[in-house]
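Number of protein chains: 2
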Amino acid sequence: MKISKLGEFGLIEKVIAPEFRELVNKHLTGIGDDSAIIPISQHTSHLHTTDMLVENTHFLREKIAPYQLGFKSLSVNLSDIAAMGGKPLASYLSIGLPKDMEVEWMEEFMRGYKDLSEDEDVPLLGGDTTSSQAGIVINVGVTGEIDNQLIKKRSDARDGDIVCVTGDVGDSAGGLQVILDNLPQDQVSSKLLDQHLTPYPHVSEGIWLASQPAVRAMMDVSDGIGSDLQHILKASQLKGYVELEKVPMSLELREQAGIYQWNPLELAISGGEDYVLLLTVDPAGYEQLGRDFEAEFGRPLHAIGYLAAGEPGITYLKDNQEVKDLKEGYRHF
Amino acid sequence: MKISKLGEFGLIEKVIAPEFRELVNKHLTGIGDDSAIIPISQHTSHLHTTDMLVENTHFLREKIAPYQLGFKSLSVNLSDIAAMGGKPLASYLSIGLPKDMEVEWMEEFMRGYKDLSEDEDVPLLGGDTTSSQAGIVINVGVTGEIDNQLIKKRSDARDGDIVCVTGDVGDSAGGLQVILDNLPQDQVSSKLLDQHLTPYPHVSEGIWLASQPAVRAMMDVSDGIGSDLQHILKASQLKGYVELEKVPMSLELREQAGIYQWNPLELAISGGEDYVLLLTVDPAGYEQLGRDFEAEFGRPLHAIGYLAAGEPGITYLKDNQEVKDLKEGYRHF
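Residue numbers (the working numbering), protein chains in the order written: chain C, -15 to 317; chain E, -15 to 317.
Derived from the structure by calculation, the hints contain no laboratory data. We treat Cβ as the ideally placed atom computed from N, Cα and C, and that holds for glycine. Be a bit skeptical, because a hint or two may be false.
Stated by the list, open to error - Short, incomplete list of chain E residues facing chain C, as computed with Cβ under 7 Å:
| id | residue |
| --- | --- |
| 1 | Val(-1) |
| 2 | Gly125 |
| 3 | Leu235 |
Model the full assembly from the supplied sequences, consistent with the hints where possible.
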């Protein structure tokens, strides 16, 4: 069977994970959350996450500036630490580069990587550099830290929880569309492009949310709500309802969608690479949490649905009526 | 300037590391040793290392079985933890694969990866899978643990130390030669091939040596003694002497070199990928250490030279006469 047939999640579930079930003992948490968890004391754990970006799969060299690529390579990993509520401690960068690339390209890449490192106070502690005959390949790992009692796992959701996101979704997918269709760059399309090329990870939001007892399951939106929420539902064995009219979308996305006849909801649900946080909240604490979040971050926490007992799976609602026919989340294979 | 002109070490020293000097505070140790060091308590530190293997730079798909590649991908990282004297705790695997590859290939890769994981009791805790239009790309990260007082850094060498290695060098380079020249496989060439394709990391040796007070600086031999010893010399600001007649080489390497007119010393000094440990030892404790090592591991610890005050750099000696004209260690760029 070809790997493309099995898909990314199939590969992990069928080929990679089963081999290691017995080796992962009860002290360690491995495959299945945004970051691995290694307890370092009674009170504290380290988190570790890693992501690979391959030219022509994740980016096109002529469509992303090296500064942006450096920024984004770190950002998507910080987002995985944020997804567990952790504070990033250090990063590791492996990069494979064609021999004929200019040193200036790498300097610009490092400038982007470092700007975000400084903003979030995360030093680069190591890595690997190598030549690559096969285009640019980047792998970043990030180690984070968290109080054991505050870790938010995908399996922590409960029946009745309210599903929330920490920001707009769909802009990144809109930005990708601008790139793929070679659309003109103006103020509106630039907003979408920025969200796609230099997404800012919700690290502060993740740390703050982890400290709130009303927050239960948490993860980041990398493949799109429609795909990512499924992971929480499967891990927690619950059914999810997403109320489409509540899904937050920017004015820019709506405007651009109007001009080019995109379906903005499809981009918002299935587009991915938003790197906002997706969380489930105890309904008893939701109202207070929403007010506190807004006071802390100056923008709303968006409730977009709720969980209920039942077979894992998402039902989309519009004005309380079920809506079928929304494409699945972006898959890398 | 092209990246190939700057080289791997130039890229790290000139473009990557300077950006981060100010962010790496005194509690963390970053670029410049085999692994990064993150203290987790007064007594203990975590170590982290990462290595990228790119098709056609580090391996040829038709010349290495997937089982071997899986084994080696983990092995080279465990070796970096061993180089600091650490005990590996967990690994992370990112892999980019062309869409048309067979699932069976990945199953075999994981079998090799898992066999070494089980031998060394290191669970795979996470990673990333993606498609790659650019051939096979692998990045492995390993987290290890060590007692703060036992960490062996490259900068710990002192004037007068004896330079040692924990095993034969040159076999791996000989194995690469067998592959590149399409030489026939027999018992002799197979020994060299095995050392190149499935090197076994000296983890037990590293942990044991770290606990010995006579051991000062330590690292692993990945680029060849001639290149790797330079790192210890620069970090410790010392001059090194390597006595060529003492460099341990297998009978198989000597035999194969005789048949095909290789210079075995050049392979032993400059070949690289041996993944034995290179260490410097307090001369006062050397004799006892050598006896204890042999009692523990059933084979000798090989003294191959010594350190002295002076400008960092290696002088090669044969029968106490200086020898010039040995090629530098393997460089990836």
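Evaluation of the provided hints:
Interface hint at E:Val(-1): satisfied, since its Cβ lies 5 Å from the closest Cβ of chain C, which is below the 7 Å cut-off. Given the 7 Å rule on beta carbons, the hint for E:Gly125 holds: about 5 Å separates it from the nearest Cβ of chain C. Violation of the interface hint for E:Leu235 is found here, the shortest Cβ-Cβ separation to chain C being roughly 33 Å, above the 7 Å cut-off.
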